[in-house]
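Trainee: One-letter residues, chain by chain:
There are 2 protein chains.
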Amino acid sequence: MSLDEFGLIQRFFSRHAAGVVLGVGDDAALVAPTPGRQLAISADTLVEGRHFFPGTDPYTIGWKSLAVNLSDMAAMGALPRWFTLCLTLPVADAVWLEGFAAGLFALADAHGVALIGGDTTSGPLAISIQIIGEVEPGLALRRDGAKAGDDIWLSGPVGAAALAVQQRLGKLVLADAELAHCAMRLDQPAPRVALGQALVGMATAAIDISDGLVADLGHIAERSGLGAQICLSLLPSLPIHAARLATPDWLAAQLSGGDDYELCFTAPASAREQLVAIGAAKGWPLARIGSMVDGAGVAVLDAAGRPVSLARSGFNHFS
Amino acid sequence: MSLDEFGLIQRFFSRHAAGVVLGVGDDAALVAPTPGRQLAISADTLVEGRHFFPGTDPYTIGWKSLAVNLSDMAAMGALPRWFTLCLTLPVADAVWLEGFAAGLFALADAHGVALIGGDTTSGPLAISIQIIGEVEPGLALRRDGAKAGDDIWLSGPVGAAALAVQQRLGKLVLADAELAHCAMRLDQPAPRVALGQALVGMATAAIDISDGLVADLGHIAERSGLGAQICLSLLPSLPIHAARLATPDWLAAQLSGGDDYELCFTAPASAREQLVAIGAAKGWPLARIGSMVDGAGVAVLDAAGRPVSLARSGFNHFS
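Here the protein sequences come in this chain order: A and B.
Residue numbering for the first sequence follows numbering that gives the first Met the number 0, starting at 0 and increasing by one per position.
Residue numbering for the second sequence follows numbering that gives the first Met the number 0, starting at 0 and increasing by one per position.
Simulated from the structure, these hints should not be mistaken for lab results.
In this text, a Cβ means the ideal position worked out from N, Cα and C, and glycines have one as well.
Be aware that a few hints might be false.
[To be verified] Here are some chain B residues the structure puts well away from chain A; computed CB gaps all over 10 Å:
(1) A77
(2) K170
(3) G224
(4) R287
(5) L309
[Stated by the list, open to error] What follows is a list of derived Cβ distance ranges for each label pair:
(6) P238/A x Q187/B: 51 to 59 Å
(7) A174/A x G35/B: 56 to 64 Å
(8) A147/B x G200/A: 50 to 58 Å
(9) R167/B x P238/A: 57 to 65 Å
(10) Q187/B x G200/A: 46 to 54 Å
(11) A147/B x Q187/A: 22 to 30 Å
(12) D175/B x T33/A: 53 to 61 Å
(13) K281/A x G35/B: 32 to 40 Å
(14) Q187/B x S236/A: 53 to 61 Å
[Stated by the list, open to error] Computed, partial: chain A to chain B, Cβ under 7 Å:
(15) V30
(16) A31
(17) T33
(18) T44
(19) R49
(20) D71
(21) T83
(22) R141
(23) G144
Bound-form chain A, shown alone (with noise of 0.2 Å):
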């Protein structure tokens, strides 16, 4: 980068941030965390033509690029406090800067996180950000802490996000207001981070879906040491309509489609009540889906109670 092209950058990302004793500018910025709470930390990187189209309103993407950090604060029940930005561009070009900082800066306003640091440098374009955020001592949503006999819930419906890659592939045909839906959950998906704070001291474990329902809920059933079974008509809806689609897609978008960001989380059967409450107050559809057991791995079952084949565990829709 030039010194002009520093300049642009600096005037796109230089914000005066609330709470931040030295913000950017010096060789490290300064906060200084809440006394008694731990700090929950993750980091992420999105890559073009990995994780986003070659060609993506940049918006979409500095709007994407906190989100998928965002969730993961939402997945130990965190509150997300500051993050820094290392942004790796081709050119600096003020268009696309303006649009990628009001994405970004849009969602961050809207959850009170500020952008604290970071670098800019030459390159293929990818975005890494580091998410740091606070949390009550032990009281953390951990992938190991589901019980057997646990209700496994999840936050709304997934695999719309898939289905907008495919879309976009030439690979399905979707309604003008099913892709519009879908489209949305891929490009500006809203991370469950109020639902993370509320399920404090009541979920047991929980995750943010990634990589898709059944590879995210192996991973708590792998780190607690405990199977978990899960019903496929006890999923959230689609607002799709289902019967225009192939089975296998859709059973692949809804198991194993990834980027929806919604939160999966085990809880006892004692807070089953509490929970059906705070989703009706909050208007967050709340879905439980199966329960944890013993044994090892992810069975889903059909209506009647059959083992559904998956064809595929993953449905990486970038290979």
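Go by the hints and put chain B onto chain A.
Mentor: Quick look at chain B alone, frame taken from chain A:
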């Protein structure tokens, strides 16, 4: 990355770290900060072809990726504690990963910092590291604290890394022993973390030399609202036979060569004796090279006090 590749990567990067509540393998890591401290947070990306030559030994890349981040902690006077690693790789090659991890952990272990998370993705080779350190509130070494009349200090000779780059580009020839010294400075810089700690409460401002002495000292000057004057003859000597180098190259390397990761800092005259004593006790070649003055910008003077003209303000070796 395939699942097999993820397994490979886990093999090299999953290590238990003391002082970490929950490490790699959940949605986020959990750590317990030291009560009463502020957090110093920084992030830097290295991109192949931009920050290191294609084909560079992976040990070197691992070492240097962490070194540049530790250097930011040094420049703040912060004690580095934890870091995340976002690794973008064209292919998951076991030999490459083993070398990279060896270099990374050699330096991490030397400084007692723990790798707590991050991610790995496919794409052009790039490494983003985010580092978190701790510092006493109000005592961080910022860039904006220099006062008129303060001495300007340098922690050691600068320019060797730039000379190694010039040799590798075929632009100059160094003797074998000289090259060995310069290459080590370029490939495995030693972040001045202990010095940074020692300067807390004594230095008024500090920065690490990553972009070149004049450029980086310029940041202290600008942020402190002052000018800086340094004297060429006071710069600590490089172990290079100067007579063999053309004067412009020689000047450019010392004044504008990046990648040395020495610290440049300011301190009141009253701290001179103590700084000399610390340097002697620790074997640090601290050199007093000039002083902060009213005005703006960085002036470089020769032994007779005449301004040296800087043909190039930057020495961007990969451009």
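Trainee: Taking the hints in turn, state whether each one holds.
Mentor: Evaluation of the provided hints:
With a cut of 10 Å on Cβ distances, A77/B falls inside the contact zone with chain A, its closest approach being about 7 Å. Separation of K170/B from chain A is adequate, the least Cβ-Cβ distance of about 21 Å exceeding the 10 Å criterion. Non-interface status of G224/B relative to chain A is upheld: no Cβ of that chain comes within 10 Å, the nearest being about 14 Å off. Against the 10 Å criterion, R287/B stays outside the reach of chain A, whose nearest CB is about 21 Å from its own CB.
The claim that L309/B lies off the interface holds: its Cβ sits roughly 15 Å from the closest Cβ of chain A, which is beyond the 10 Å cut-off. Evaluation of the 51 to 59 Å hint for P238/A and Q187/B yields a pass: the beta carbon distance comes to about 56 Å. At roughly 58 Å, the beta-carbon separation of A174/A and G35/B lies within the given 56 to 64 Å, and the hint holds. Checked against the hint of 50 to 58 Å, the C-beta distance between A147/B and G200/A comes to roughly 55 Å, which is consistent with it.
The given range of 57 to 65 Å is respected by R167/B and P238/A, whose C-beta atoms sit roughly 58 Å from each other. Checked against the hint of 46 to 54 Å, the pair Q187/B and G200/A passes, with Cβ atoms roughly 47 Å apart. Distance hint for A147/B and Q187/A: a CB-CB separation of about 51 Å, inconsistent with the stated range 22 to 30 Å. Judged by the Cβ atoms, the range 53 to 61 Å given for D175/B and T33/A holds: they are separated by roughly 55 Å.
Checked against the given bound of 32 to 40 Å, the beta carbons of K281/A and G35/B, roughly 36 Å apart, stay inside it. Against the hinted window of 53 to 61 Å, the Cβ-Cβ separation of Q187/B and S236/A comes to about 57 Å, which satisfies the hint. Of the supplied interface hints, the one on V30/A holds, with its beta-carbon coming within about 5 Å of a beta-carbon of chain B, less than 7 Å. Proximity of A31/A to chain B holds as hinted, the smallest CB-CB distance being about 5 Å (cut-off 7 Å).
Annotation: T33/A was flagged as interfacial toward chain B, and the flag is violated, the nearest CB pair being 10 Å apart, outside 7 Å. Below 7 Å, beta-carbon pairs count as interface contacts, and T44/A has one with chain B at about 4 Å; its hint therefore holds. A hinted interface residue such as R49/A counts as satisfied when its beta carbon comes closer than 7 Å to some beta carbon of chain B; here the least separation is about 6 Å, so the hint holds. Against a cut-off of 7 Å between C-beta atoms, the interface hint on D71/A holds, since the closest Cβ of chain B lies about 4 Å away.
At a threshold of 7 Å, the smallest CB-CB gap from T83/A to chain B is about 4 Å, leaving the interface hint in force. Using the Cβ-Cβ criterion of 7 Å, the hint placing R141/A at the interface with chain B is satisfied: the shortest such distance is roughly 6 Å. Interface hint at G144/A: violated, since its Cβ lies 10 Å from the closest Cβ of chain B, which is beyond the 7 Å cut-off.
Checked against the numbered hints above, the structure breaks hints 1, 11, 17 and 23 and satisfies the rest.
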